[in-house]
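Use the sequences and the hints to build the structure in full.
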Amino acid sequence: MSFNILIVDDSRTIRSVIRKTLIIAGVPLNELYEASNGLEGLQIMKNNWVDLCFADINMPVMNGIEMIEKMLEDQVLAKLPVVIVSTEGSKTRIEELFRKGVRAYLRKPITPEIVRNVVKEVLGDYDEQGRS
Amino acid sequence: MMNKEDRKILRDVCFSVFEQLAFMFGDELDEDDMEINADTFLRASMGFKGEMQGTVSIVVPETISTTLAANILGLDETQEVYKETAVDALKELLNTIVGRLMTEIFGEDAVVDLTIPVTEVLDRDAWDALVEDKEYLAIDIDDNPVLVSLQM
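Each protein sequence line maps, in turn, to chains A and B.
When the letters of the first sequence are read in order and numbered with our numbering, they come out as residues 1 to 132.
When the letters of the second sequence are read in order and numbered with our numbering, they come out as residues 133 to 284.
Hints are computed from structural coordinates only; laboratory data are not their basis.
Quick caveat: nothing in here was measured; it's all calculated off a predicted structure.
Built from N, CA and C at the ideal position, the CB exists for glycine as well.
You can take every hint at face value.
Keeping only pairs whose Cα atoms sit at most 25 angstroms apart, straight-line, the calculated SDA-like set for lysine to any residue is:
id	chain 1	residue 1	chain 2	residue 2
1	A	Lys91	B	Gly179
2	B	Lys181	A	Asn37
3	A	Lys20	B	Glu212
4	B	Lys266	B	Arg256
5	B	Lys181	A	Met62
6	A	Lys91	B	Thr235
7	B	Lys181	A	Arg107
The calculated label-pair distances, taken between Cβ atoms and stated as ranges, are:
id	chain 1	residue 1	chain 2	residue 2	range
8	B	Arg256	A	Phe98	47 to 53 angstroms
9	A	Ala78	B	Asp208	40 to 46 angstroms
10	A	Thr111	B	Glu167	35 to 41 angstroms
11	A	Glu96	B	Asp255	40 to 46 angstroms
12	A	Ile24	B	Val253	29 to 35 angstroms
13	B	Gln211	A	Trp49	29 to 35 angstroms
14	A	Asn4	B	Arg139	43 to 49 angstroms
15	B	Glu216	A	Thr111	22 to 28 angstroms
16	A	Val122	B	Gly179	29 to 35 angstroms
17	B	Asp208	A	Lys100	38 to 44 angstroms
18	A	Glu69	B	Val253	35 to 41 angstroms
19	B	Phe155	A	Asn117	19 to 25 angstroms
20	B	Asp162	A	Glu96	43 to 49 angstroms
21	B	Asp260	A	Arg19	35 to 41 angstroms
See below:
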């Protein structure tokens, strides 16, 4: 089984790092979508099947919190698991995100091991690609 | 002007983020080590607003931003780093520094809103003026001078 994963971050560098980290972590990928803000992310989610979304908080046009609030208004998107990848460390904000249904919170910088664990936690165990 | 404690926190956060994000190592910098053979510099700045409001800035020689991008992305020496990639990497470095800094200064319970990082190119005269500016702290990153500031 392979997954469709969406990365929403305004930094092309970070999107590239998450993409590489997913590959190094052996996550089986079908489609890997990228968006540079929450609005673009929503459009991709509405037009494509996405199993998991990695999203930043601080983005132009539409930030990560606004994107999650919009997702909650949609019956299908409300069930799509979101993992926040951010530099922010505010417990208050992280608790607010979990109340909105966020499944996990990763603080940058991230490692393949952390990504592997969070994908397994959210989507269930999988056979790692490129590994026996 | 930054107080002694804020300067220490800023320096330690910068060292930690450079090391964890880009495998680049920081050290104290003496005034005698400010000599640098560069004509172009990049400044990234980012605002914050919460309990207090202010701006955090970092100024680096352009070559540092290229190394930064290559290290973050895991590129080898044969792979070209485009200017926009180097600028994006510097913005992300600052973003990570500011995120850590806010927790260190205001604590984990504080909610701080951050602006999107912006960058500008500076020439040698602008760099020389900032070196004299007491709002900026000079640190050494991989034997290159880097300036950082926290203004509240």
